[in-house]
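In order, the protein sequence lines correspond to chains A and B.
Throughout the first sequence, residue numbering follows the numbering used here, covering 1 to 226 in sequence.
Throughout the second sequence, residue numbering follows the numbering used here, covering 1 to 169 in sequence.
For the record, the hints were derived by calculation from the structure and aren't laboratory data.
Quick caveat: nothing in here was measured; it's all calculated off a predicted structure.
Treat the hints loosely; a few may be bogus.
In the DMTMM-like style, the derived pairs of lysine to aspartate or glutamate whose C-alpha atoms are separated by at most 25 angstroms in a straight line are [claimed, not checked]:
no.: 1; chain 1: B; residue 1: Lys131; chain 2: A; residue 2: Glu9
no.: 2; chain 1: B; residue 1: Lys131; chain 2: B; residue 2: Glu115
no.: 3; chain 1: B; residue 1: Lys111; chain 2: B; residue 2: Glu100
no.: 4; chain 1: B; residue 1: Lys111; chain 2: B; residue 2: Glu21
no.: 5; chain 1: B; residue 1: Lys131; chain 2: A; residue 2: Asp153
no.: 6; chain 1: B; residue 1: Lys111; chain 2: A; residue 2: Glu14
no.: 7; chain 1: B; residue 1: Lys131; chain 2: A; residue 2: Glu24
no.: 8; chain 1: B; residue 1: Lys111; chain 2: A; residue 2: Asp17
no.: 9; chain 1: B; residue 1: Lys111; chain 2: A; residue 2: Glu43
no.: 10; chain 1: B; residue 1: Lys111; chain 2: A; residue 2: Glu24
no.: 11; chain 1: B; residue 1: Lys131; chain 2: A; residue 2: Asp17
no.: 12; chain 1: B; residue 1: Lys111; chain 2: A; residue 2: Glu6
no.: 13; chain 1: B; residue 1: Lys131; chain 2: A; residue 2: Asp197
no.: 14; chain 1: B; residue 1: Lys111; chain 2: B; residue 2: Asp61
no.: 15; chain 1: B; residue 1: Lys131; chain 2: B; residue 2: Glu100
With beta-carbon atoms standing in for the labels, derived distance ranges [what the hints assert, rightly or not]:
no.: 16; chain 1: A; residue 1: Met99; chain 2: B; residue 2: Tyr40; range: 42 to 50 angstroms
no.: 17; chain 1: B; residue 1: Arg41; chain 2: A; residue 2: Glu43; range: 38 to 46 angstroms
no.: 18; chain 1: A; residue 1: Ser2; chain 2: B; residue 2: Tyr40; range: 17 to 25 angstroms
no.: 19; chain 1: A; residue 1: Gln121; chain 2: B; residue 2: Arg35; range: 31 to 39 angstroms
no.: 20; chain 1: B; residue 1: Asp61; chain 2: A; residue 2: Pro91; range: 31 to 39 angstroms
Partial chain A-side listing against chain B, Cβ under 10 angstroms, derived [unchecked claim]:
no.: 21; residue: Glu9
no.: 22; residue: His53
no.: 23; residue: Arg54
no.: 24; residue: Leu89
no.: 25; residue: Leu90
By construction, the Cβ of each residue, glycine as well, lies at the ideal position given by its N, Cα and C atoms.
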Amino acid sequence: MSWTCEHVEQRLSEYLDRLLPPTERAEFAAHVEGCPRCRPLVEHLGGVVGALHRLVPLEPPPRLVHRILEQTSGAEAARGWRRRLPGWLLPVFTPRLAMGAVTAVIAFLVTSQALGISWSQVTLADLHPSHLYRAADRRLNLFYARGVKFVNDLRVIQVLQSRLQPATPPEGSEPQELPPANKTSEPSDRPRQNHADEILQNQRLLAGFGHALPSGMELSLGRIEP
Amino acid sequence: MRRHTRRIYNLCYRFTGNAHEAEDLTQEVFLRVYRTLGSYRALHGGFATWVTSVTRNLLIDHYRRSRRDRQTDSLEESLLVIEQKESSAPRPDQFAARGELSEQVQRALQKLSPELREAVVLRDLQGLEYKEIQEVLQVPEGTVKSRINRGRIELARLLEQMGVRPSSA
């Protein structure tokens, strides 16, 4: 076979890759040796192929390996539901916002509990603004009434203490005379009454005090046997 | 894993010429390999050849997608890009002065048609045998030889135009 320049160009890569059979390789080389057109082409192409083989492979960025490992090791799958969310919803799942939301829910539950809302019995009609207002108003009045009662109780206790105070002698003064009822039953030189007599005395005082209590306030004292 | 990542990343980079695209495509390749691992049959060649086939299919998909995107661009935008490229493109002597052979080869590769580019990249940058390239590209042996040869000659011509004449040593 006589090699033409077209043949050489068609089999050029096979020659460079040493894929030509020995006889064809020899014929190829013989043509190129004596051809002013093919020789520079073979030399230039040989140089290009050699340069390609000598190119140093590029190093992929380290984050790429991490991303691939993350994607194929299941970590990505665990986070998959978050990827399917719309972009504007993603910040909702940041720890700060999640904590804020939990706090808001707890505050809401505490407030609703304080307002006496029982969520198991709530109907749609209960959520009407006028109903909510009335419920809040009722609850507020109840709180106010309880507060007033508490203050009144405190006042009663204060009055009781002030009434009982004269029974104990002030420091530095001479002991006062006992009431006549006690005088007859006990000797005057006894330093102190016994406990039952003291309670009896208090009961008598309170009996006289009944008219001083505020209206609506009831004071009940247990009967104490002497 | 790291070895395969480097090989696939290089293949993607040499084909697309863009580091970010190569990164995304490499990640996509491994995700696809991971999902379709069950379809891998050892009879169809080695694992590396199979991964290369997956990569090549993705690259072709990517090329078609990006070409379609380019075609949808307005004519004015295209002309503007061409003008910018022409004005910013260095002259051959400037290119040679830079001396970055890898970059020069990359620029020349980008000018090849995708069929010739993938054949040259697989043969000369990935070091695949003709038989393996035949399996990856799913084309006859004669077509593989022809594409490699035409691709190399075209690449050599482009590099010569750029003033690059690498020695064979």
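Results of checking the hints against the structure:
1. B/Lys131 x A/Glu9: Holds: B/Lys131 and A/Glu9 sit about 21 angstroms apart, inside 25 angstroms.
2. B/Lys131 x B/Glu115: 17 angstroms, holds
3. B/Lys111 x B/Glu100: With a Cα-Cα distance of about 17 angstroms, the restraint between B/Lys111 and B/Glu100 holds, given a limit of 25 angstroms.
4. B/Lys111 x B/Glu21: 17 angstroms, holds
5. B/Lys131 x A/Asp153: Roughly 102 angstroms between the alpha carbons, so the hint for B/Lys131 and A/Asp153 is violated.
6. B/Lys111 x A/Glu14: Holds, at roughly 23 angstroms.
7. B/Lys131 x A/Glu24: 21 angstroms, holds
8. B/Lys111 x A/Asp17: Since the Cα atoms of B/Lys111 and A/Asp17 sit roughly 24 angstroms apart, the hinted pair holds (cutoff 25 angstroms).
9. B/Lys111 x A/Glu43: 22 angstroms, holds
10. B/Lys111 x A/Glu24: 33 angstroms, violated
11. B/Lys131 x A/Asp17: The given pair, whose Cα atoms are some 13 angstroms apart, holds under the 25 angstroms limit.
12. B/Lys111 x A/Glu6: 24 angstroms, holds
13. B/Lys131 x A/Asp197: With a Cα-Cα distance of about 120 angstroms, the restraint between B/Lys131 and A/Asp197 is violated, given a limit of 25 angstroms.
14. B/Lys111 x B/Asp61: Given that 25 angstroms is the threshold and the Cα spacing comes to 18 angstroms, the pair holds.
15. B/Lys131 x B/Glu100: 32 angstroms, violated
16. A/Met99 x B/Tyr40: 42 to 50 angstroms: 46 angstroms, holds
17. B/Arg41 x A/Glu43: 38 to 46 angstroms: 44 angstroms, holds
18. A/Ser2 x B/Tyr40: 17 to 25 angstroms: 48 angstroms, violated
19. A/Gln121 x B/Arg35: 31 to 39 angstroms: 52 angstroms, violated
20. B/Asp61 x A/Pro91: 31 to 39 angstroms: With a Cβ separation near 34 angstroms, B/Asp61 and A/Pro91 satisfy 31 to 39 angstroms, so the hint holds.
21. Glu9: 7 angstroms, holds
22. His53: 6 angstroms, holds
23. Arg54: Nearest chain B Cβ about 8 angstroms off; hint holds.
24. Leu89: The hint is violated - A/Leu89 has no Cβ within 10 angstroms of chain B, the shortest such distance being about 24 angstroms.
25. Leu90: Violated, because the Cβ-Cβ distance from A/Leu90 to chain B comes to roughly 20 angstroms (cut-off 10 angstroms).
Hint compliance for this structure: hints 5, 10, 13, 15, 18, 19, 24, 25 are broken, all remaining hints hold.
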